[in-house]
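Engineer: So the sequences go chain by chain: A and B. Residues 1 to 324, numbered by our numbering, are exactly what the first sequence covers, in order. Residues 1 to 349, numbered by our numbering, are exactly what the second sequence covers, in order.
Since the hints were made in silico from the structure, they are not lab data. Don't take each hint at face value.
Claimed, not checked - Cut-off 27 Å, straight-line C-alpha distance, at most; resulting in silico cross-link-like pairs (BS3-like, lysine-lysine):
id: 1; chain 1: A; residue 1: Lys55; chain 2: A; residue 2: Lys86
id: 2; chain 1: A; residue 1: Lys55; chain 2: B; residue 2: Lys71
id: 3; chain 1: B; residue 1: Lys284; chain 2: A; residue 2: Lys270
id: 4; chain 1: A; residue 1: Lys86; chain 2: B; residue 2: Lys104
id: 5; chain 1: B; residue 1: Lys135; chain 2: A; residue 2: Lys86
id: 6; chain 1: B; residue 1: Lys17; chain 2: B; residue 2: Lys135
id: 7; chain 1: A; residue 1: Lys68; chain 2: B; residue 2: Lys215
This structure is a prediction, so every number in the text was calculated from the model and none was measured.
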Amino acid sequence: MAPLKHLEMENSIIDACFRDFCASHGILTVEDFLLHDLYELAAFAEREANADRLKEGITVMLSLIEVKCRPLLNGMELLEDLQRNKHTLSSGDNGADSLLQGGLREGQLTELVGPSSSGKTQFCMQASASVAEKQDGRVFYIDTGNSFCARRIAQFICGSSDAAALRKRVLSRISCHTVYDIYTMFDTLQGLEVALRSQVQMNVNEYRLRLLVVDSISSLITPILGGSGSQGRALMVALGYLLKKLAHEHNIAVLVTNHTVGAGESGKTKPALGETWKSIPHVRLMLSRDHRNSNCTISILKHTSMPSGKTVRTITRKDNQQCL
Amino acid sequence: MGEHEARGWIRSDETAKQMLSRVLGDRAFLLLPPLHRVPLRAGNVVEITGSSPTAKTQILIQAAITCILPKTWNGVHYGGLEKLVLFLDLDCRFDVLRLSDMLKHRLLEAYQSNVKTQDKSKIVYDEELYVSCMKRFLYLRCYDSLELLSTLKTLHYRIRLQEACGSQVGVLMIDSIGAFHWTDRLSSSLALDKNNRKSLSLTNVVETIVQEMKKLMQVHSLVVIATKATIYEEKYPTNENNRNISSHSDLFGNPSSKAQQPPFREFMPSSWQAFVTHKIFIRKSDDHHKSLGQQNLSAYLLEWLQPQLSSIDRFIVDDSGIVIVSKHTQILFHVSSSHAVWYCHCLMT
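Looking at chain A on its own, in the form it has when it is part of the complex (with noise of 0.2 Å):
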C-alpha cells in the first residue's frame, strides 16, 4: 500500500499539515494506519489546533480503505456467482467424475497425493486434455518436472472424425511452461493474473482459461521448507493464496500434486508439505494403485462438502488407450 503522499494528488485534505500530524503518531503509510487506533488517533487530533481538518482527514482515509474493501456478499449473491461463473470440468476420468460429483470445481483448488508413479501426472494430463476437448477451455500446465508428454494427452483425445484436426485443435489449447522453484513460479502466476485482468478488460472472446495445472507443487516447496525459519512456510502459504486467488477471481479450476513422505516408524506414508499445507486446498484426492492388478484407487482426504473417506477404483490410464 501506498504512503500518505501519494493520496494527496485525488484527496487534498490529505495534505502536508495532516501527513505532519500522523508522522508523529508514527504514521507514514495506509499499512500504518490500518495498524492504529482511530478513536485514540482521532483524540489527539482533538487537542491540535486544526483538529476538525484532522478529523476530517481521518475520515477520509477510513472512507478510502472502505472503498478498497471487497464487498459484503450474502448467501444468494454467492450461489448465484457459483451457478453463473462456477462450473464443473470432467477430469476425464469417470470414476474421479462420479466421486467428485461432476469432476474439478472451477474457483477451487484441488490437490492430487499420491506416491510415485500412482498416476499423478497422468491425472492431470487426461484432465488437460478433457477440458481442452470437451469444455473448449484453455489449459495452463506449469510442469516442474520435465513430465509433460504431448504424445501422451493427444492419446487422452476421444474425437473419432477428423483425428488429426482435432487433435491440433486440443493441443493448441494447452501451453506448457517449465518451472523449476518457487521465484520463477511466482513471477509466472503474476504473470499470469496481469494477462487475465487485462484480458477482463478487453473482453476477450478467445477461449477462456479454465484449469491450471501444477504438477507437481512439493517440488517447488519442498526445498525451501526445513529448518525453524517461517520464510519457507510463508512462501508456501504465499503461494497457495496467490493460486486460490486466481482461482477464485478468474473462474479457474487449478490442480496440483503433491508426493508421500514416510511417516514416523510404522512404515505408514503421509502427504508432504505438513501441517500448514493442509488448510490451503479445497480437495484432497489420495492416488494409490496397486501394482499386481493396476488397479488405481482415488480417495477422497478432504472436501468442501463431502464427508472425507470416500473412495473410488478406477481402472489404471496405461491400458487406457482404446480411444486412439
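Assemble chain B onto chain A, guided by the hints.
Structural biologist: Just chain B, lined up with the frame of chain A:
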C-alpha cells in the same frame, strides 16, 4: 439546573417491558450439537481448534444455519434465532453449496416433524423462507492480514447498513484465525524500528485485530466463533487409547494439569489467547465409524478445554451434517428426530 432538566434526569431510562425485551434479546442460547454443552451469550469468543480436516467449517456452517433460521415461520417451528451471520473467510475455501444443502436439509426436517403428511413427494421446502435465510448470511473473504484489518476497521459501518434492513448481527465467524500466521511472522523479521513506527509484526497485527474486534463487540451484541487450524504436527502419538488414558487420569487426578498443557502446540500470540473465552479441541478418532455399511466415515472427538468438561463427544459427518455418536455403546443422543429414527433403524438391522 432547570426544573425541566431535573425532570429529565430523574425520568426512567426504560420501561420494564423495554428492559425485559432487551434482556431477553441478549439471553444465552444453545447451539446444535456438538456445540450444545455450554450456553453462549453475546460477548463470548469461542475458539475451535483442530488439524485439517476435522469438520471445523462444518460446525460453523451448522451454527450459522441455526442463527439465520427464524424461530417460527407459517406455523412451523424452526427454532432459529433469526439473526445475521457474518462469515470472515480467511482460508478462502468456503463452499456456499454446502451451506445451501444443509439449510435445505434443516428446512425439510423441521417441516416434516411439524406437518404430518402421508405423501412424501409433497414435502418441499419453502422457497421464500430459504431465500430470506440465505440473505441473512453475509460473507467476506480476505487474502492477507492487511485486508482483514481494513475489513475490521470498516465493519462497524457496514454492519449498520445491513442491520438497517431488519435483523441484527448475532454471530461473527472467522475461518480460520491462524491463516496468515507464517506470512505475518515473516514480516516481523522485516521490522522497521525508526520514527516510533509500529511494525507489521505478528504480535502487532493480532493485537490490532483483537482491539478492533473488541470495539466491534462494544457496539454490537455478538458471539464470535473462530476456528483455528493447528500448524504443527501433534506432539503425542496419534494412538487414541494413549491419549484417552492420559486425559482420563487428568480428569480424576489433577484436572488443572490438562488446562495448563493444551493437547496442541499453541501458536497464537497472547493477546488473542486472552481474548478467547471458550476453547474447544477436536481431533480425529483412529477407529472409523462402520455401522453405516456402505462407506467408511471418519469419526472425530470433541472436548471442551475451557470451560473444562469431562465428557468427550464423538461425532461423524455424513451427507446430512454432524451426527453425534456416543463412544462405546453406539447409542446416539441429541440428534434431530427424523434422523434418529433412521439411524436407530440402521443399528437394528
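Engineer: Run every hint past the structure and note whether it holds.
Structural biologist: Hints and how they fare:
no., hint, result
1, A:Lys55 with A:Lys86, "violated (44 Å)"
2, A:Lys55 with B:Lys71, "violated (44 Å)"
3, B:Lys284 with A:Lys270, "holds (15 Å)"
4, A:Lys86 with B:Lys104, "holds (21 Å)"
5, B:Lys135 with A:Lys86, "holds (20 Å)"
6, B:Lys17 with B:Lys135, "violated (30 Å)"
7, A:Lys68 with B:Lys215, "holds (21 Å)"
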